[in-house]
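**Student:** On the provided structure of chain A, position chain B as indicated by the hints.
Number of protein chains: 2
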Amino acid sequence: MSDQPLVIFTPSGKRGRVAPGTSVLAAARQLGVDLDSVCGGRGICSKCQVTPSYGEFAKHGVTVRDGALSEWNSVEQRYDDKRGLPKGRRLGCQACIQGDVVLDVPPESQVHRQVIRKSADARPMVMDPAVRLYYVEVAEPDMHVPTGDFERLTQALKDQWEVTDLIAMPSLLAKLQGVLRKGAWKVTVAVHDDHTGARPQVIEVWPGLHEAGLFGLAIDLGSTTIAAHLTDLLTGEVRASSGLMNPQIRFGEDLMSRVSYVMMNPGGEAELTSVVRAALSDLARALADEAQIDSALIVEAAIVCNPVMHHLLLGIDPTELGQAPFALAVSESLSLPASDLEITTINPRARAYMLPCIAGHVGADAAAVSIATAPEMSDELMLVIDVGTNAEILLGDKTRVLACSSPTGPAFEGAQISSGQRAAPGAIERVEIDPATKEPRFRVIGVDLWSNDPGFAVAVAQTGVTGICGSGIIEAVAEMRMAGLLDARGLIGSAEQTGTIRCEPEGRTHSYLIHDGTAEGGPRISVTQGDIRAIQLAKSALYAGARLLMDERGVDRVDRVVLAGAFGAHISAKHAMVLGMIPDVALDKVTSAGNAAGTGARMALCSIAVRRQVEQGVRRISKIETAIAPKFQEHFVNANAIPHATDPFPELGRIVTLPDVSFNTNGGEDGGRRRRRRG
Amino acid sequence: MSDQPLVIFTPSGKRGRVAPGTSVLAAARQLGVDLDSVCGGRGICSKCQVTPSYGEFAKHGVTVRDGALSEWNSVEQRYDDKRGLPKGRRLGCQACIQGDVVLDVPPESQVHRQVIRKSADARPMVMDPAVRLYYVEVAEPDMHVPTGDFERLTQALKDQWEVTDLIAMPSLLAKLQGVLRKGAWKVTVAVHDDHTGARPQVIEVWPGLHEAGLFGLAIDLGSTTIAAHLTDLLTGEVRASSGLMNPQIRFGEDLMSRVSYVMMNPGGEAELTSVVRAALSDLARALADEAQIDSALIVEAAIVCNPVMHHLLLGIDPTELGQAPFALAVSESLSLPASDLEITTINPRARAYMLPCIAGHVGADAAAVSIATAPEMSDELMLVIDVGTNAEILLGDKTRVLACSSPTGPAFEGAQISSGQRAAPGAIERVEIDPATKEPRFRVIGVDLWSNDPGFAVAVAQTGVTGICGSGIIEAVAEMRMAGLLDARGLIGSAEQTGTIRCEPEGRTHSYLIHDGTAEGGPRISVTQGDIRAIQLAKSALYAGARLLMDERGVDRVDRVVLAGAFGAHISAKHAMVLGMIPDVALDKVTSAGNAAGTGARMALCSIAVRRQVEQGVRRISKIETAIAPKFQEHFVNANAIPHATDPFPELGRIVTLPDVSFNTNGGEDGGRRRRRRG
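So the sequences go chain by chain: A and B.
Counted the way the working numbering counts, the first sequence spans residues 4 to 682.
Counted the way the working numbering counts, the second sequence spans residues 4 to 682.
Chain A with its partners taken away, still in its complex shape:
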């Protein structure tokens, strides 16, 4: 068939011969090339742009001559006049193949376009959303063939797009008539099909070619914070991000307090469900406002959360999650109408996808972190820690992935800390203590200077120094230990013992003054013995969870540590290791995955293939239940100390030497024996 032109598509490299006169779009479809089109080749959507190359292509063994494509036509000219086509581009539905040709499909013309994210991301993000747009021309009604508007619409989708088996909710049927007539029987429809066995559903319909975009929400529903990303479902781009406090906090700061609330107030889950659902609606409205889009363009939400939040969002009593055997009411992913979750501020027919839970204490948030960090694709043994009120911990590599959840409590988020606060402008986020003078210096969020830099007082005047956030308290405690202000058991020495008057008596214990802002009307910011205990409890839980997974895996070291969560992005690896939060590993092997749970939610939002991957992935993850593992208690107790007698960082040339101090106390504190479960 050498009289048929050879077509080579880049970057895919797909090639084949087609009949002369075949449109580029048709050729792409014949050859299985991923070339987008919403209007189905009518020259109005411009999604099918390609760039032809001319000349000799030794690599491809082809020479492309002028005339390889049909001449620039009036449809292209009209489109160019009206909207502008980048130079060298052709519309794939208009340009016809007349000779051998090499055609480049630019990223924006690919349906399954790859979304550029940070280079650190483990898994490429490829667009493959559940909701897609189709432009169709619908047959007009005919008295002699009395089919309904909806049936003629579905026939058009079948004939023009091979989309079959569609259903629609009454509210869509109610608006369909008007839209069909307004669009003169040409409409764009948004069809949801997530390949879960449910029938594809017409979510929305617009007259003519719809060009105002299509959006989704990636929601990371945490115990303390709810974060959401308004994501463009055509490009994968985040158009707006926002967060708010989980309003359930008034029923209990940590998850177990909320479970207790429900246990003590039968039916109380309805209240918790109602407030969190309202918060999601508020967040969706705020994001649409911020991005200045019509909120009806939000057609899907992907939601990650821990099991308790998962159950409370669904309206399920979480009591069972508070006691062995920690049975989930439902563990697998859910695809359901967003209206079932009373998310009322988005498209009324929008869908919701809830990622699967891994186990009674290991939620969809951990599943989302696993999407974003992909330990199952790693050659190195990775420890992934998503630090939050509950820490989700994954350990694994290509051979096996283990997961557990550890009840760190909210200390790492600045709660239960005497001067603690959320990470916000004015919060101390970095601390250094001079080992010789025992004097601290610090930085606050929103100011680039250290507190002992010239001009700091002026720079900080706007926000003031308001408190200390999670990363700040970790650095403070680690620096105190490194400066000899804290012994291995975690006791703060007195002024006499430490040689600094910043160590002040506080009841029977001592505290260390970091900043006295009283002169400016600000607070006095100290680290108290209680703060140290809270951090010890939290870090012990975290470390014990990681150790438990390492035991299960039969290793005593890992190759890499990935810190996830908003907090993980700000934490200092060195200080975390001094504290004993995470196992020792080379400092350059500790990386941050940013908000991995949010990223995982966004990836699931944008790709049904990712959904299938995570659904299958969670089945392969081995779950370890910390609550009943005897070794967890043992690791927890052993991890309480801050014990590094020898240098934990030999590879960094002895930066740190922990002093072998030991302080006596007046016996007024409880030695860290209090334990908190699940929070």
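Everything hinted at is true.
Cross-link-like lysine-lysine pairs, in silico, DSSO-like; alpha carbons within 30 Å at most:
1. A:Lys626 / A:Lys401
2. B:Lys626 / A:Lys161
3. A:Lys185 / B:Lys626
4. B:Lys161 / A:Lys626
5. A:Lys189 / A:Lys178
6. A:Lys626 / B:Lys185
7. B:Lys626 / A:Lys189
8. B:Lys401 / B:Lys626
What the hints contain is simulated information worked out from the structure, not anything from laboratory work.
**Tutor:** Showing chain B alone in chain A's frame:
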């Protein structure tokens, strides 16, 4: 394999050999015999009862000896002690086959049991509902295999019943935990699977074996009346029936008035939708109360209605149905959550099935009538007329079925009649007029005596004579014609012309006094010239519709007339033919199908096979649009008269001879030229 016992099941006649020791239930499943079981062979539901026969069965070529079944066992004894087993019965899951045996499966042990209805019914009613009960034993949660309760439930349904691919709404997931624990991991679930491609859904779950039954609603949503039948989904039995006025009447008595209301009040469809949905909820609650069942046991509704009501129930603007090309928004059947229709008084996860519309003016009510009367299965050419505010008319036989709708208006329902009323106690339903004396006698609903019988006055004292209902007015008009009080054009003669003072002047026309109740404080009930005109318009529309179908079919007579609708059951065939409502046919070939639309709804409710039949059937029905057929106008005008000059009933021995009278009027009435469209 002659060492294997031969098993013969009656009445199916299915037979085969099974391994000795096979339970009867297992044998039935092996041989494809329809033997019910809810508990899956655990000896607790007793649905699998069979009656073994012993002795010689020449017909089957088998001799059944004692010991053909295993001995009566303790499970059967316990069941018999507790609940009682009919004599001779065995539990199919307990009795094992040890020798050749003949086993009768009584009707109540069949899943697809046939429901006994009136002998007149054309189509047998076989139970095959979308919602079925399954008793399952669910695995308890295991911390080491952290699947959710729902996943363990679905696994049990898969393992024990081969029911797969299940979904559930959040509200079901929310109650599942408690029910599983209350039932000690033994529960009965109701699964909806209507084979429309949607995933089967868990509708409800009960602890242990659920024995309180399962119900559905068959709803006939008419323009004037809404009727519903609470139907047992296990037996097909109607447990309660009720009706109420369609509350949309306040927006317009006939459908076109309601369409006009919406046209003149944009968004007005929301009001009409809201009131009719509320009425359905009220009706459901009333039926549950009447039958004294928990309304949560109502798990599905099947709904038939004309296209305008269909659209208004769905919340769709019906304006398009009021103008050519009469385009439906949706024509095919719909399977949707009943909550989408805001039916709030039944199970919150109940489903609704809306039968397909045939065309813009031929609705799901006609589809339901076709189910119940089955013209497509008839050897004779059948004319089926469902008389309501709109008449649905079907004409057909095995070769072809035609359908149209005709705008009769509400006159046949007693509306637009001077003394008209709904069929209710006190309403005149039968009328006779003596041709010699011109004196009437009548009967009222609720009293068995004629008005000239001794004791009538006493018998009627309780209700009084309150008005005249649809069947009464038809008889009155036909009798007036037969008594010579009315001429062929429909004019009432004066007292002088007719020789009776009951013909009284009324403006420029006359009326005929049937009953003067003023002495007892009751109304004066007359038939006015306006009443005659209203009936003429209605009957002309009806007749013209039937004629149109006959033209299309190329016939000028039919073999059989079936009158459907509540009204059809009460109408006198003789009087209808005198009036010219229906084409002439032998009187014994006119039958009533009762409330065929309601029956059709009930059959669709009880059988997904029936749903598929009607969905396919409506596609094969040829639709005739009366509104644009020029012949309809012609037939309509021609049908206005009451013309029988010769005896229409020769086979009955000249019962009727219509007098050849002709009255002059004062010219004060409009000759019936006013036309009403669609009502």
